[in-house]
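The primary structure of each chain is shown beneath.
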Amino acid sequence: MSALTIAAQDSATMLWREIKHSIRLLRLLIVSAILVPVVMLLLFDYILGGTIGRGLGDAARGAPYIDYLVAGILVMTVAGGCGPTAINVTMDMTGGFIDRIRTMAVTRGALLAGHVGVSVLRMLVATAAVTGVALLLGFRPTASVADWFAVVGIVAAFSFALAWLSAAIGLVTNSVAGANGSTLPLSFLLPFLSSTFVPAGSMPAGVRWFAANQPFTAVVDSLRALLTGAPAGNSPYLALAWCAAIALVSYLWAQAAFRRGAR
Amino acid sequence: MNTLTSPETRTAVSVTGLRKTYGEKVVLDGVDLTIGEGEVFALLGPNGAGKTTIVRILSTLIAADAGTARVMGYDLRSHAARVRAVIGVTGQFSAVDNLLTGEENLFLMGRLLHLPATERRARAAELLERFDLVDVTKQTPATYSGGMTRRLDIAMTLMGRPRLIFLDEPTTGLDPRSRQIMWQLIRDLVAEGVTILLTTQYLEEADQLADRIAVLDHGRIVAEGTPEELKRRIPGAHIRLRFADISSLDEAARELREGTRDDEKLVLRVPNEGGVRSLRDVLARLGDDVAVEDLSIHAPDLDDVFFAVTGNASKEKSQ
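Residue numbers (the numbering used here), protein chains in the order written: chain A, 1 to 263; chain B, 1 to 319.
These aren't lab readings, by the way, just hints derived from the structure by calculation. A few of these clues could be false.
Here are the computed distance ranges between Cβ atoms for each label pair [as the list claims (entries may be wrong)]: (1) I6/A <-> D29/B: 34 to 44 Å; (2) I47/A <-> G23/B: 52 to 62 Å; (3) D175/B <-> L136/A: 26 to 36 Å; (4) N174/A <-> R257/B: 53 to 63 Å; (5) N98/B <-> A244/A: 29 to 39 Å; (6) R121/B <-> L248/A: 18 to 28 Å; (7) G261/A <-> T172/B: 16 to 26 Å; (8) A128/A <-> A81/B: 47 to 57 Å; (9) L26/A <-> A122/B: 25 to 35 Å.
No residue lacks a Cβ here, since even glycine has one placed at the ideal position from N, Cα and C.
Using the sequences and the accompanying hints, generate a full structural model.
This is the structure:
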């Protein structure tokens, strides 16, 4: 067998393991990956949406608030997958599984490939489910077929980047609680400090520059443009560039942490 | 052509001058070891002596700061991947997958070892049978006892038929029955010709299982030999008699001249190599008139070996 065949086989094995894990933890995952973003969607659309929608002015482009909101909720759905991924990796580290396979002739990158692969899969399934709920709630996208492909591409790229980042975080934290806590800024803080709920330009001066220029805003803006025809500017390219940069840095970080092994 | 075949050798592990420091702390301070193929070698020592560090270095998890090591003929530094293909490691804390069933855990190892599907199933079934896990194959380890989890852990290690197995404290935390079962499993492995490097805190365990023992203290090997050789170096079993006053001790010491007395503690220690018979004899010689406050029987243990080989006086242990 060539090294490449073995690498593919080992990665497939780890993927199989992670899929088994996801099935065993299905209820937990449905709550954290789908229910939480749906609740956010309901809260912001039904309860706060009226006032926020009126306050949006030109940014709403005459459409209901939900049309503005959904792009951001999809990004939150992806980010919500960070916690479980980091926790799974941490459990492998603290539970001795990583040390076990480091003493075996197993392709070095296979375990993380499995984690990242299934993480992306979970994020995509959750995003699709949340999109479905949004459509039921009255979300009316104007995207063409080509636009939808672009949406899937950007969501996948963002998922890939955050999955690697979560894996790296999982490798360097010592406990499940630590892994969960370390991903909270990703799943909760950064979405609020972006154009998820309101335009970055409407925020107080102190955070406006950060919100306008951080990666989440680029991704949200590009999705919103593709889904609802809002002006895209250079946001899709910016979004992809951010995803590539985050994925690359996180990948290198994760590889280094994996080689160090358990502390 | 593959020119990296294992050299003809009867040595499973050879280590010279192994050193490892973490910051200021010296964990291994020049360790030399030679383990023959098919041998059971026990590293005996208290927590923090460096046992686990040696296992982690030899199983390619961490690099030594200095020294050379060959495992199954392969240099650890230059051929780590080759080493990994012939070793099996069971760490101190069970590394089983708690979300997979017992059977799936073995299948996972089989897949990672690239065993063909039929061999994977056959080997898993064989190990589940042998390790008495047949009733729980479809259950996750969350429902297992400590002994069962440890057995599954070792079964996972054996999926690939390793020629050298590292067992890091395989019975720590197990109840006596599980410990006995584990010992029997280890003996069975030995009978198959597998080389085993075992670490333990228990002299009895090393005595039961090992062909040779190295006693490790503060990162150095302070004694090495067969269990018999080591036991000759330790003070033997003794009876410890404590008295109410010095006159009772004087009287007893006159009767039991082979004893060593400790006036401060009012204690007389009498060698007791013959078990119950010699205990009865000692008591008979003592007679009814000497008031013994307390009597206890001491078998040589790790502490005794320790104090003997490090040259310190045997420590009186609290009861």
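Query raised in the report: What hint numbers does the structure not satisfy?
Result: 3, 6 and 8
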